[in-house]
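J.: One-letter residues, chain by chain:
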Amino acid sequence: MKLTLKVWRQAGPKDKGQFETYQLDNASLDMTFLELMDALNEKLIAEGKDPVAFEHDCREGICGSCAMMVNGRPHGPGQEITTCQLNMKAFKDGETITVEPWRTNSFPVIKDLVVDRSSFEKIMEAGGFVNVEVGSAVDSNTYKVSKARADEAFDAAACIGCGACVAACKNSSAMLFVAAKVSQYALLPQGKTEGVQRAWNMLAKMDELGFGSCSNTGSCEAECPKGVSLSHIARLNREFIKAGFRKAGAEKL
Amino acid sequence: MAKLDAKIPNGPLAQKWTNHKNSLKLVSPANKKKMDIIMVGTGVAGAAAAASLGQMGYNVKVFCFQDSPRRAHSVAAQGGINATKNYRNDNDSVYRLFYDMIKGGDFRAREANVYRAAEVSSSIIDQLTAQGVPFAREYGGNLTTRSFGGVQVSRTFYAQGQTGQQVLLGSYSALKRQAAKGSVTMYERRQMLEIVTIDGKARGIICRNLVTGEMERHSAHAVVMATGGYGTIYFLSTLAVNSSGEAAYAAYKKGAFFANPSFIQIHPSCIPQLNEYQSKLTLMSESLRNDGRVWAPKAQGDKRKPNEIPVEERDYYLERRYPAFGNLVPRDIASRAAKERCDAGYGVGETGYAVYLDFSDAIKKQGKKVIENKYGNLFDLYEKITGESPYKMPMKIYPAGHYTMGGLWVDYNLMTTIPGLYAIGEANFSDHGANRLGASALMQGSGDGYFVLPITINDYLADEIQTPKISTDLPEFHDAENEAKARIEKLMNINGKTSPLAFHKKLGKIMWDRAGMARNAEGLKKGIEEINQLEDEFYKDLNITGSTDSMNQTLERALRVAASFEIARLIIYDALNRNESCGAHFREEYQTQDGEALRNDEEFSYVSVWEYQGNQKMPNLHKEDLVFEEVKVQQRSYK
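Chains as they are written, first to last, in our numbering: chain A, 1 to 253; chain B, 254 to 892.
Calculated from the structure, these hints are not laboratory results.
Backbone N, C-alpha and C fix where the C-beta goes; we use that ideal spot for every residue, glycine too.
Hints may contain errors.
Okay, the calculated beta carbon distance ranges per label pair [unchecked claim]:
id : chain 1 : residue 1 : chain 2 : residue 2 : range
1  : A       : 192       : B       : 282       : 24 to 32 Å
2  : A       : 47        : B       : 603       : 27 to 35 Å
3  : A       : 151       : B       : 276       : 32 to 40 Å
4  : A       : 6         : B       : 640       : 44 to 52 Å
5  : A       : 77        : B       : 554       : 37 to 45 Å
6  : B       : 605       : A       : 138       : 50 to 58 Å
7  : B       : 566       : A       : 30        : 27 to 35 Å
8  : A       : 12        : B       : 728       : 44 to 52 Å
All chains should be built: construct the whole structure from the sequences, respecting the hints.
T.: Below is the structure:
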């Protein structure tokens, strides 16, 4: 299979960057997309050129490292997959494939396709946890959680923190990422106590870091490799509104 | 020569940990504030330990090579985490979990450590649940469990097929909480290259900032290695492609002894290699063997589709050979049995190196919905990779390199032979003997991280309260940094033609052929020669493009591959020394008439502990004799 790859190359954060075009004659339908990138890099190394920097680790869709816009879509064509799970069967012989990093100011490019997602870390530090000390836990069956609720919490918790939702959003909003965490905890008794404060703090941090607002277009859900549902954003909004009332109430006092 | 003192407490097995805890020294909150601890690695062990130590008041500096601690490879563990809750009243207990692990490990683990791992298991589930980990629940709202290999009770807690992700994210959230409080400082995108010792004590690390290329010096009163295993030695494995034993090996070179390096688990159920380009193999959780039946055709070279082969022409070989445990035999046994069938010509798939894992009976009996509920995401994962639906066709599986039971030698306090240097989780050797039982990696990693290390480390630090902050201007830091720089320079200046990836592939092939699922003396000796030859070639023909003063992933990989050559040799030295078969270590010369592992307790009931003597030089062997006070050592049988 012969392919043309148009790949975003950027030497560093301050470099302007540009597309470079590469021909690959030895691609195979059996490859995954990252194995194609491996093949490209092997070729570049053999030619004495700098290979394309990209993030990858587990290569089974769970670590959330890989993050590429392939033909304009986060993680490329296909539903509920990460770039490492993208198969070359999704492409045709002779096709030109465009490969870019996540494009948003909140994820500045470090090199080529590698972006800095530390803003997600800051959002997590603003409230993505339950305040429980190691050693102070009660027996786990003290919490009763209906199966349906536990399953829904799991669906939210399945977020891998890759950032595809932000890359897909025209506003570069991180609402789905924040919602996944807030909703997971809001659904469970363990996390409920501080739920309202958590929603407030995480959203405030999201705004502060320059992520945009949610305008409910649903492109985040469509591109999420783990199928995290938009309904979690609804739950986040409910938590946030509650936080607003409480805050207003507190100010009155 | 340092003497190995495992520091196993006296007294009856069930009392050892309690007595020991009571005898350990404490550090007051005021003094904790003045002390630094370095944590290298952020998997379930590292994240849990860093969060716990931060909560206790220490200043913890946490390092990982990924851009976020949440990406550590614990995230990929699927099936579950064991705990002795006995919620099912199936007569489970601490003793039973302990005994299952000792037996599963083929009587090559340290009794006291294993007992403690079982003892703290119950608290881990409580801790994680309190952190909001969404474990699977019954309709009544209580936690549910499932069975795993090598076990006759149901003690495995799970979150669909993503238990590792959920357990890691639970610990990661605790870590983030401490980072927000300022007790933990995060250093992501750092590759650890050297351990710094001062007057024989671990006092810091040298790492390379993967974004700027700068060398960094970090100091602390103690250093903890939570750096995982070295299963990528086979190139194709279930591990993340960037996981390697590089950091643990750096500790070994600095004087930390390495134990049982040849004990490497080959996981029986992985998606077989599909083509030559493949960069990794994907695991299919052991939990699938709860409902999936493993079989191969009764006729050699049977090319019919699995659905076309009638039941009477199928050989359910695990049920045939091991009626008591059936499809739920331990991993080493299931792997070897698959290899035996395929080597004998009964394998399936294009290469003949695969067997079936069939769910049709379970779907018939329980309905598709129930099976989907238990394994839905694993079935989806399988279909994404192979294009076949396990609801309709049996999965094709074959063994692949997975987990390393071997690792840095530690005493009962989890301290290595370097004072002040600790090793936790997969990075140490202590709890799994020659074979690890399923769902006990998350358990041991979390146990070490939450409930063992944060207790034992105080005993060492209590004697360090007078030690002021350690300056990174000391000559030892300077020297260690220069060593790391010299290694990088050496690699950068080879200017050959071959990429590190190509070398890694070749090394992986050597290791799989010579030191994989079956080993023999002749092959192992050849393996050493082949490794030496390839290593020589590596230092003549390696090609790293780009520079050292910015992000350079080729250099990162080259450093890992360079360490892998040395680890590979260490594995072979160990496999050659151990003239017996036990657990995952199967020497073809030592087997029973029906092909089971033939252990030799008289000569090899010890931990083989290796001391570095220089590259390409035979390391010194030390022996920690295994003393079994509680269990009766038996021939392992799952029949």
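J.: If a hint holds in the structure, say so; if it does not, say that too.
T.: Each hint, compared with the structure:
1. A/192 / B/282: 24 to 32 Å: Since the Cβ atoms of residue 192 of chain A and residue 282 of chain B sit about 31 Å apart, the hinted range of 24 to 32 Å holds.
2. A/47 / B/603: 27 to 35 Å: holds, 33 Å
3. A/151 / B/276: 32 to 40 Å: At 46 Å between Cβs, range violated.
4. A/6 / B/640: 44 to 52 Å: Violated - the Cβ-Cβ distance for residue 6 of chain A and residue 640 of chain B, about 28 Å, lies outside 44 to 52 Å.
5. A/77 / B/554: 37 to 45 Å: With a Cβ separation near 39 Å, residue 77 of chain A and residue 554 of chain B satisfy 37 to 45 Å, so the hint holds.
6. B/605 / A/138: 50 to 58 Å: Holds: the Cβ-Cβ distance is about 53 Å, inside 50 to 58 Å.
7. B/566 / A/30: 27 to 35 Å: holds, 31 Å
8. A/12 / B/728: 44 to 52 Å: Violated - the Cβ-Cβ distance for residue 12 of chain A and residue 728 of chain B, about 34 Å, lies outside 44 to 52 Å.
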